[in-house]
Amino acid sequence: NAGVMQNPRHLVRRRGQEARLRCSPMKGHSHVYWYRQLPEEGLKFMVYLQKENIIDESGMPKERFSAEFPKEGPSILRIQQVVRGDSAAYFCASSREQGRNTEAFFGQGTRLTVV
Amino acid sequence: AQRVTQPEKLLSVFKGAPVELKCNYSYSGSPELFWYVQYSRQRLQLLLRHISRESIKGFTADLNKGETSFHLKKPFAQEEDSAMYYCALYSGNTGKLIFGQGTTLQVKP
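Line order of the protein sequences matches chains W and H. Following our numbering, the numbering of the first sequence begins with 1 at its first residue and continues without gaps. Following our numbering, the numbering of the second sequence begins with 1 at its first residue and continues without gaps.
Among the hints, a few may not be true.
[What the hints assert, rightly or not] Now the stretches of chain H that chain W is said to cover, found in silico as 3 or more residues with beta-carbon under 8 Å:
hint, stretch
1, 43-52
2, 95-105
[Claimed, not checked] Derived DEER-like restraints, expressed as beta-carbon distance ranges:
hint, chain 1, residue 1, chain 2, residue 2, range
3, H, ARG53, W, VAL83, 44 to 54 Å
4, H, ARG53, W, GLN81, 40 to 50 Å
5, W, GLU63, H, ALA17, 40 to 50 Å
6, H, HIS50, W, GLN50, 19 to 29 Å
7, W, GLN50, H, LYS15, 39 to 49 Å
8, W, LYS44, H, SER12, 19 to 29 Å
9, H, GLU80, W, ARG9, 19 to 29 Å
10, H, GLY92, W, MET5, 21 to 31 Å
Source of the hints: derived by calculation from the structure; they are not laboratory data. Only a predicted model underlies this, so the values are computations on that prediction, with no experimental measurement involved. Glycine is no exception: its CB is placed at the ideal position from the N, C-alpha and C atoms.
Just chain H, same shape as in the assembly:
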């Protein structure tokens, strides 16, 4: 079964602390994974995709096929990072994006 799991509903950290938002996936084949972010009262937007190996707003994510994970990390959290983060898997069989349950990141001053 194709599935994305984000085990934490809420992650609360202080400004300047490291952040890791967990994402695990289940997919037979070569996965393509994304992180989307939804700031308060705004639409979902793409944060980064594993295939491009980029760093956006200081966030990085590494695909670990052995652990079937794609955790999102940032060394020093900022208050403006507070948002809802969704991990997503592209299903080549069906052409659709499968999302995890989302994790709310709260960065406290």
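Same shape as in the complex, but just chain W:
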């Protein structure tokens, strides 16, 4: 089991472009979480998804950000018309199920730089 895979590891975008961040959960995991880590700050929850469903997107900015976790393929975090303030590390985590005692496994993150 390769663990949670995120790609790309590093992504550079110009202001106004789109950024697509991919997360392949661990085998057998159907729950995916996205977090953002801004410089000098901790991990901020963005969105929680199960296959084909968004369960909780309370941490997602209302505009320009969207996430999906299709039946087949990786989860995608999409940022449209990026701005400098979007520069951050974006981490994905997956778990087998929801519940107490469920461990979340993290990917290595995608570092987005907006120039």
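Starting from the known structure of chain W, fit chain H onto it as the hints suggest.
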């Protein structure tokens, strides 16, 4: 409100000294708390959870419901303990992990 607070951004100690990384939480109900660690250029990984009462790499953490704290402790710090440590709270209402701001532990030789 559900919240996790780690008051120290940076904790610097000498090798062999005791370490205590502070974590306070706010949660109505029975909390489930975790400590995650992120070594340089590596992914976050689970260090320990309060429910299993285990000791990993010499670290322990005790849940104190009266003080709403879950401080991480180690009696003798090692250089390889240098990393970023995150305290996290599992929210049963929403099914998500809520993280604190993280504390960087620096163990000097």
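Quick rundown of the hints versus the structure:
no. : hint                           : in the structure
1   : 43-52                          : holds (count 6)
2   : 95-105                         : holds (count 8)
3   : H:ARG53 to W:VAL83: 44 to 54 Å : 45 Å, holds
4   : H:ARG53 to W:GLN81: 40 to 50 Å : 48 Å, holds
5   : W:GLU63 to H:ALA17: 40 to 50 Å : 48 Å, holds
6   : H:HIS50 to W:GLN50: 19 to 29 Å : 26 Å, holds
7   : W:GLN50 to H:LYS15: 39 to 49 Å : 45 Å, holds
8   : W:LYS44 to H:SER12: 19 to 29 Å : 25 Å, holds
9   : H:GLU80 to W:ARG9: 19 to 29 Å  : 24 Å, holds
10  : H:GLY92 to W:MET5: 21 to 31 Å  : 28 Å, holds
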